[in-house]
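Enquirer: Could you slot chains B, C and D onto chain A? The hints should help.
Protein chains: 4
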Amino acid sequence: MGKPLINVLINGYGVIGKRVADAIVRQPDMRLVGISDVVADWRIKMALMKGYKVYASVVDKVDEMKKSGVEVEGTLDDLLRSGGVDVVVDCTPAKVGAKNKGVYEKYGVKAVFQGGERHEVAGTSFVAQRNYEEALGKQFVRVVSCNTTAICRVLGGIHERLGIKKARVCIIRRAVDVWESGHTGIINTVVPELHVPSHHGPDAQTVIHDLNIVTMAAKGSHNLYHLHMAMAELRTKASKDDVIKVLEEEPRVIFINGSDGVEGLNSVFEIARDLGRPRGDLYEVPIWIDSISVSNDGYEIYLMWATPNESNVIPENIDAIRAITETETIRSASIEKTDRSLGVIKKLY
Amino acid sequence: MGKPLINVLINGYGVIGKRVADAIVRQPDMRLVGISDVVADWRIKMALMKGYKVYASVVDKVDEMKKSGVEVEGTLDDLLRSGGVDVVVDCTPAKVGAKNKGVYEKYGVKAVFQGGERHEVAGTSFVAQRNYEEALGKQFVRVVSCNTTAICRVLGGIHERLGIKKARVCIIRRAVDVWESGHTGIINTVVPELHVPSHHGPDAQTVIHDLNIVTMAAKGSHNLYHLHMAMAELRTKASKDDVIKVLEEEPRVIFINGSDGVEGLNSVFEIARDLGRPRGDLYEVPIWIDSISVSNDGYEIYLMWATPNESNVIPENIDAIRAITETETIRSASIEKTDRSLGVIKKLY
Amino acid sequence: MGKPLINVLINGYGVIGKRVADAIVRQPDMRLVGISDVVADWRIKMALMKGYKVYASVVDKVDEMKKSGVEVEGTLDDLLRSGGVDVVVDCTPAKVGAKNKGVYEKYGVKAVFQGGERHEVAGTSFVAQRNYEEALGKQFVRVVSCNTTAICRVLGGIHERLGIKKARVCIIRRAVDVWESGHTGIINTVVPELHVPSHHGPDAQTVIHDLNIVTMAAKGSHNLYHLHMAMAELRTKASKDDVIKVLEEEPRVIFINGSDGVEGLNSVFEIARDLGRPRGDLYEVPIWIDSISVSNDGYEIYLMWATPNESNVIPENIDAIRAITETETIRSASIEKTDRSLGVIKKLY
Amino acid sequence: MGKPLINVLINGYGVIGKRVADAIVRQPDMRLVGISDVVADWRIKMALMKGYKVYASVVDKVDEMKKSGVEVEGTLDDLLRSGGVDVVVDCTPAKVGAKNKGVYEKYGVKAVFQGGERHEVAGTSFVAQRNYEEALGKQFVRVVSCNTTAICRVLGGIHERLGIKKARVCIIRRAVDVWESGHTGIINTVVPELHVPSHHGPDAQTVIHDLNIVTMAAKGSHNLYHLHMAMAELRTKASKDDVIKVLEEEPRVIFINGSDGVEGLNSVFEIARDLGRPRGDLYEVPIWIDSISVSNDGYEIYLMWATPNESNVIPENIDAIRAITETETIRSASIEKTDRSLGVIKKLY
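Residue numbers (my numbering), protein chains in the order written: chain A, 1 to 349; chain B, 1 to 349; chain C, 1 to 349; chain D, 1 to 349.
Here chain A stands alone, though its shape is the one from the complex:
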């Protein structure tokens, strides 16, 4: 007889939530109990179309959802009380997860929060390849944001092997998500985050505690993928090949090549769609191999990558579930399972 499946509920069926839901369905060791939300429009109706069970995150919304034609199974509260949920993946909007924490504590259910919450909400921040073990058995864990995840994968790998003295990263963020682009976007502008350092640097330190890093950020007039421009002073001399070798061995990062015609975020998105995954998702962080450079003295490196804001944290959510439930205690084993189920690749072509 096999192990029992992990029963997972997605609370918040937005950009991240819907992708985690689909990823759960692909895991042999997990079962999607359903999804929970408060909206009553096309977004939730698409979940119904997929056959997902829908719960109301707050009882006040049940009527509105039903009136709009959404078949509601019950409330989140009732569901959690019933004991049928082992892990909630909380993908509610930023700061809402903090409010939900009390409910999860009340019912003794484990929860995975997202990067929109402060580190303190979970106490443990998570990027599988960096600190899987730190999350083992915890009630709460926080998968950091797409930007922080990308930084931890790329610079974290370099830091472990080559030693980073100080990292500086400038981030050109996508302004809003695709579904919001019709009412809260930006046009023909760049909007800087005037607080320096931006939160991404300190956030990376919640995962890689000894990483010396400062970040600056601005929003660009586009709605898909962030672009990171990184500069890292090293403790030891390195060549371009050294950097490439480190990144080749790092999971969930791949190389793209400008000389192959991959000119910008638009090309990366087209590549992602060609990969055939749902929604054209990209779980890997694609690094422009031709951007990797080393200063004359060999002590500073430069590189650029795209951060697939909608999807690069999906594998981390899956790993986080295994870590906090201790259904898999070995980092590489979980990563391998997740990556196989999602079709994560190490080499593009």
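Be aware that one or more of the hints could be misleading.
Unchecked claim - No more than 25 Å apart at the CA atoms, straight line, and that leaves these computed lysine-lysine pairs for BS3-like:
1) A:K66 <-> B:K347
2) A:K347 <-> A:K245
3) C:K138 <-> C:K99
4) C:K346 <-> D:K66
5) C:K67 <-> D:K337
6) C:K50 <-> D:K337
7) C:K346 <-> D:K67
8) A:K166 <-> D:K166
9) A:K67 <-> B:K347
10) A:K53 <-> B:K66
11) B:K165 <-> C:K165
12) D:K138 <-> D:K337
13) C:K346 <-> D:K61
14) B:K337 <-> A:K347
15) B:K237 <-> C:K165
16) D:K347 <-> C:K53
17) B:K240 <-> C:K166
18) D:K346 <-> C:K53
19) D:K337 <-> C:K66
20) C:K165 <-> B:K166
21) C:K50 <-> D:K346
22) D:K50 <-> C:K337
23) B:K67 <-> A:K240
24) C:K237 <-> B:K166
25) B:K67 <-> A:K347
26) D:K67 <-> C:K347
27) A:K50 <-> B:K67
No lab work stands behind these hints, which were simulated from the structure alone.
Expert: Just chains B, C and D now, kept in the frame of chain A:
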């Protein structure tokens, strides 16, 4: 013993070609022989990654493609001479198909051209639901452009049932395709097509010969989907419900609803991605049900729809193959096969 | 001794208000008393930099404005009570003007409203060239929106000379104003106005009472200028030259030429800036002369123009002031004064 | 009797050239002989509309220009041979200036090149506030690009007063100029410059020879202004106030304030237009005062600014003319003359 499979080659692995290739693979009655192109960059390498056999459309490009790491099976010319291809789907850039026609004639192979070619290149223009029978047994057929296909599906259906006296359509086009958006896009502008009528009106008449239609067009600062704003004078009085009923019965059109939060092309794209098809493709033409209006006298109707420029012609290409090879002589039977294989829907949720 | 100057106050120093203020300063028969607003940020500080006197539109905002460094002369209420204002040009956000009307009535001051208000607020809607006389001596008048003004100038002229049986206009609107583009814009989408007809058609009828017109509209991913695509059935046969002749004689419209490289709204904006007016403003409606076409039977015409959303209503505001104060009772005389003061042209080069 | 005026010709009437032409007209010590170009479309016709004399840069273009209605005074070659030009400001497209150099040498005329040319073309690169004296009496000088000019103004000032150990700047560039935005823009993407360091760092060193600087750059989906995110390690400890004080004393930089609602490049452009200069131009580099930060140890500073790509080099071109003609040998005197004539400010409001 079953019927032999139709051997199909895709010449031109671009926005349309790569989607037709994937669609061919899903047809029980077709076999993808391979794809043929002249480029040597990431675009063709993604085809290799999928396991498609790659041919060089012109012999001069073989060396460059090989040098770039593309495993080339041979040239298009050799392949056609070998007799292993029944139908070429020519998805080369506009006007190149006309030049290729001689090659197809030389080897007596059937070909499906795209809307970038003039009607005269094929002699028969095609939208499955409108004139499937016209293409039966022809050597050449031309699947009209995404815009014309959408017009023929929507207004064609209305014309057949309600009788259009004169149709007027204004088109806000996407400026360029995603993969080109990094070098030939437009920014913060609208670029009108100053020749009035735009070519779309006359083009629709190559399929629906008695449709009185005039079109105007402009390019918007976006890269996905066209928006059509249509006004049609009717020969008979009609109500909004009459229009809805006609469109409900029309294949490959679906309704979307602004009151459900589907605010713009961005929402439509998010819906399309949620449908889970490769690349987030949408084969249907989504019509805003809340945009359907009727003039006070009941003799003019108004409606708006999105035209999924990358993918709405894919089903038509499949049907066109069956029509010219006469492997299926009944319109509805081919449409049904195609739609089942591609997961085309008639109702969103 | 000359006539006394008309004392004008601008209430609402936004996109339109600040331009009307600058235009008032250029009129020999008007005096800018000051501007009134409720904001305390850079927008109002730029007014101070110009030397304009600033009033608080509501008393509650005085403290906040002063705290932010804005030198406030007093409240709008006090100013109006003092009797020093003959005309208020109300450029407050849509629907706020309706609320302000009571104040203007209380103090017996005349007011010019903008197109964001309903026709009923003023009772008289206004485009100088179309119905100047209708506004003579009225207490309130409403300058219609940029879109409606453009339609009234172009189609109104054609209607008067050639007789329009039915006009159909599709409008690709700019999504938001430049100053808002950093937080309420749209990205990579088109957002249709699902209510058909859009308000522009009925609005044009508040000025040209016998114009049969229907309009459809959508927002494009840009922030400057609307594009209008117009189709007009005529009561009499006309040639392209007939249409050109009518428009050549119409004030405040000019021709632009695609064959001269004027490819899109971006080119028009560059031309406008080259004209050297403040903010790169364009008071005229530029029509693409190469877009003017006539149907084969000569009874329907087609044309496209750009609508400079920020500035084409500025001359109308100036004329409206003269009309309601009856300081100039002859339409052409007021238009001529306004156009001379603002440098309005009839021919580009 | 006054000094004779400096006779200046603008070769290349594009984004920079037309602005330099207008600036020349405002100088009491200069005379605009005319402008020279090769195009025959609306761009050059706007010059005629202003009353500028137009020459053909190459004799082959005379006929085409005349046919298009451009009144051509003669050829550049004839004009230079005549001796009526003291200085050519070469604003031709990148790399064309290098080809023109021979002509200027042949006729012994002085020339100011732009940043699109390599440093070696002129031998002396120029930012007035940094190295005015270096250009005195030279035949050729090169005004560096908008980006390099901004870096030299801001970081140059800090380097002179506080000592920069190493500067790192990430640049989000506007993709194309407004007039090109209808055919060579980019959409919904960011396009990185994969060569690291980008050329801006080495270019700044052609002006500030001892500045240790590295730059990375990417193109954003917008067409106005670049955004610079700068990080500078200092040789001495500094506070935020120290940085502010340095920049307050630096000519041609001003402060803007996010807490005043100046949220992004769009706000800066709106402010620029409110200033009332031709084309909404901004000659100053606006720095977000709230972005200025200092690392905990006080040895690294961070700041962000907008670079008005169309206009911030205009004052430098004027100064460069005075420097090479030695009509003004004192740096501050020339800067003061230029800034007064153009209305350059040191404080916004």
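Enquirer: Look at each hint and say if it fits the structure.
Expert: Hints versus structure:
1. Between the alpha carbons of A:K66 and B:K347 the distance comes to roughly 19 Å, so the proposed pair stays at or under 25 Å and holds.
2. For the suggested pair A:K347 and A:K245, the alpha carbons sit about 13 Å apart, so the restraint of at most 25 Å is met.
3. Straight-line distance between C-alpha atoms of C:K138 and C:K99 comes to about 19 Å, which keeps the hinted pair within the 25 Å bound.
4. A C-alpha spacing of about 23 Å is found between C:K346 and D:K66, which places the hinted pair at or below 25 Å, so the restraint holds.
5. For the hint pairing C:K67 with D:K337, the CA-to-CA distance comes to about 36 Å; that exceeds 25 Å, so the pair is violated.
6. For a cut-off of 25 Å, the pair hint linking C:K50 to D:K337 stands: about 22 Å separates their Cα positions.
7. Simply put, C:K346 and D:K67 have alpha-carbon atoms about 23 Å apart, close enough for the 25 Å limit, and the pair holds.
8. A hinted pair counts as satisfied when its Cα atoms are at most 25 Å apart, and A:K166 with D:K166 qualifies at roughly 13 Å.
9. The suggested pairing of A:K67 with B:K347 holds, with an alpha-carbon distance near 19 Å, which does not exceed 25 Å.
10. Taking the CA atoms of A:K53 and B:K66, the gap is about 51 Å. The hint is violated against a cut of 25 Å.
11. For the proposed pair B:K165 and C:K165, the alpha carbon gap of about 16 Å is at most 25 Å, so the pair holds.
12. For the hint linking D:K138 to D:K337, the alpha-carbon distance of about 21 Å falls within 25 Å, and the restraint holds.
13. Between C:K346 and D:K61 the alpha-carbon distance is near 29 Å, which puts this suggested pair outside the 25 Å criterion.
14. Between the alpha carbons of B:K337 and A:K347 the distance comes to roughly 36 Å, so the proposed pair goes past 25 Å and is violated.
15. Between B:K237 and C:K165 the alpha-carbon distance is near 20 Å, which keeps this suggested pair within the 25 Å criterion.
16. Distance restraint check for D:K347 and C:K53: the Cα-Cα separation of roughly 20 Å lies within the 25 Å cut-off, and the hinted pair is therefore satisfied.
17. Under the criterion of a C-alpha separation no larger than 25 Å, the hint pairing B:K240 with C:K166 is consistent with the structure, at around 21 Å.
18. A threshold of 25 Å between alpha carbons decides the hint, and for D:K346 with C:K53 the separation of about 23 Å falls inside it, so the pair holds.
19. Restraint check: the Cα-Cα separation between D:K337 and C:K66 comes to about 36 Å, which exceeds 25 Å; the hinted pair is violated.
20. Only pairs whose Cα atoms come within 25 Å are accepted, and C:K165 paired with B:K166 is accepted, the gap being roughly 15 Å.
21. A distance of roughly 15 Å separates the Cα atoms of C:K50 and D:K346; the hinted pair therefore holds under the 25 Å criterion.
22. Proximity of D:K50 to C:K337 is assessed by CA-CA distance (about 22 Å); at most 25 Å being required, the pair is judged to hold.
23. This hinted pair checks out: B:K67 and A:K240 have alpha carbons roughly 24 Å apart, not beyond 25 Å.
24. The suggested pairing of C:K237 with B:K166 holds, with an alpha-carbon distance near 18 Å, which does not exceed 25 Å.
25. Restraint check: the Cα-Cα separation between B:K67 and A:K347 comes to about 19 Å, which is no more than 25 Å; the hinted pair holds.
26. For a cut-off of 25 Å, the pair hint linking D:K67 to C:K347 stands: about 19 Å separates their Cα positions.
27. With a C-alpha separation of about 45 Å, the suggested pairing of A:K50 with B:K67 is violated against the 25 Å cut-off.
Hints 5, 10, 13, 14, 19, 27 from the earlier list are contradicted by this structure; the remaining hints agree with it.
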